[in-house]
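Each chain, written out:
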Amino acid sequence: MFSIEDMSISRKLTLIVITVCGVALMLSAAAVLTVFLQSDTGDLRAGMEKCAGIVGLIAISIGMLAYVLNARLQRSVIDPIMSLVQTVNAISTKKDYSIRADRHGNDELSALMARFNEMLKEIQNKDAALQRARDELEERVVQRTAELEQEVTTRKHVETEQQKLLQKLESANQELSDFAHVVSHDLKAPVRAIGSLAGWLASDYGDKFDKDGKEKLDLLVGRTNRMHELIGGILEYSRIGHVKEEAVTTNLNELIKDVLDIIAPPENIQIMVQKDLPTVQYDRTRMVQVFQNLIGNAVKYMDKPKGIVKVIYADEGSYWQFTIRDNGAGIHWKYFDKIFQLFQTLAQRDKPESTGVGLALVKKIVTTWGGKIWVESEVGVGSSFIFTLPKT
Amino acid sequence: MKTKKTILLVEDDHVDAMTVERALKDVHVTNPLHVVTDGGAALEYLKTNDAPCLILLDLNMPGMNGIEFLQAVKSNDTTRSIPVVVLTTSEDEQDKIKSFDLSVAGYMVKPVDYNRFVEIMRTIDLYWTLSELPE
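So the sequences go chain by chain: A and B.
Counted from 1, the first sequence has number 301 at position 204 by our numbering; the numbering is strictly sequential.
Counted from 1, the second sequence has number 79 at position 45 by our numbering; the numbering is strictly sequential.
It should be emphasised that the hints constitute simulated quantities derived from the structure, not laboratory data.
In silico DSS-like links for lysine-lysine, alpha-carbon gap of 30 Å or less:
1) Lys81(B) / Lys132(B)
2) Lys59(B) / Lys308(A)
3) Lys144(B) / Lys354(A)
4) Lys311(A) / Lys144(B)
5) Lys311(A) / Lys59(B)
6) Lys313(A) / Lys144(B)
7) Lys132(B) / Lys265(A)
8) Lys130(B) / Lys265(A)
9) Lys132(B) / Lys341(A)
10) Lys313(A) / Lys59(B)
11) Lys285(A) / Lys59(B)
12) Lys130(B) / Lys285(A)
13) Lys130(B) / Lys341(A)
14) Lys285(A) / Lys144(B)
15) Lys144(B) / Lys397(A)
16) Lys397(A) / Lys308(A)
17) Lys354(A) / Lys130(B)
18) Lys397(A) / Lys372(A)
19) Lys285(A) / Lys132(B)
20) Lys130(B) / Lys108(B)
21) Lys144(B) / Lys341(A)
With the hints as extra help, turn the sequences into a complete structure.
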């Protein structure tokens, strides 16, 4: 019925005022009575004296009741506030979000406490979630660090392996180079000797040989020359890709001019070179070998009375394409691949110039540079040798 | 040749030595030709004989090779001034560099073809007929 806990704050305050007023009224009544009693009127005084006692008693009891009520009302308002203040202090200093405010009664303050506690619960949850996330992150960091360390170790291992391989490769290269050098020298010496001796036999004892004998001596000398060239060709072939190449800026028109000086084509063969050949960055010696072989072949296998050899090129964006076209003997399609093989030659074996190394050499050079080489040809009409060079 | 002094040939290959001898004869060089087959023997010869007017030197020899011989000759005061022409099969760039580093007077690559060899000898003779030589 009359529950202080369920009373709203405004009612409580109102009651506080009322009780204070009540107390005030009582006190004033008591004061009036005192004044009355102190006045000098005889009969009124006798009747009043009787009443004064009773009124005084009632006044005091009501006063005490009012005081007690007031105190309780105040406590009901102030205590929760003080309790909240304490709670907030505690939370603030200890950073402990598990503390909850005490709920007193059912008024607005109590509702505030409830909301306040809910808020604390939220904060506590969020704080816990944050801590969890932090822990998780830390765990992940540790894991990732371990992974990275592992990667670094693996990579270092791979690098060491690579170094070892590189060293092996370098020493293998050096060995090959030395081997080729020694082999070529040691093979050339007896070849030279055989050739010289055959030549001397022919000139010193020529009169003692008949025609047949002299022919045999000629063949002997021819074969030794061929062998000498073969040795040189093999040496060159083996060197490609192993000997350090020096990429030099070379103007191809100039280079081909030099090549033509070496080849010295006969009068009946006309060499036409495209005027604006590019300037390239490749090893000059190898470049010379490529063009010397291709143009030289065109000249060598020219079977027409008026020979024409064209050197042209096309710019294909990321690479150049060069064509050496002749109107010579042509090549049958079934040999298109064969001719690029080492020691394959389509001319007769005793023709001294055909060692079968030239095209194999050119192919190896071109492919080492990342290009391709092929032939298009028709027997009796002529051939086009085409190769590509990546632009550096 | 401007003088009649000996030509010293340092060459281990017998047929190559025969080639030089024959080629010099073909170009009518009458200087005596002394052949030694290794660097050590050559140094001995130089110690105990008059200086030759020209040394023809092969590089690829067993034992003391041509470059080592060249170093020895060029570091000796008495033999330093003798002109040395390298006569070798090697077209190796390193060999050329080392030879000229040691002040050779020429570097000829032995051709396979004998006739070309004769031309080389003719040229050497011609040059050292035109050029002065110390006594």
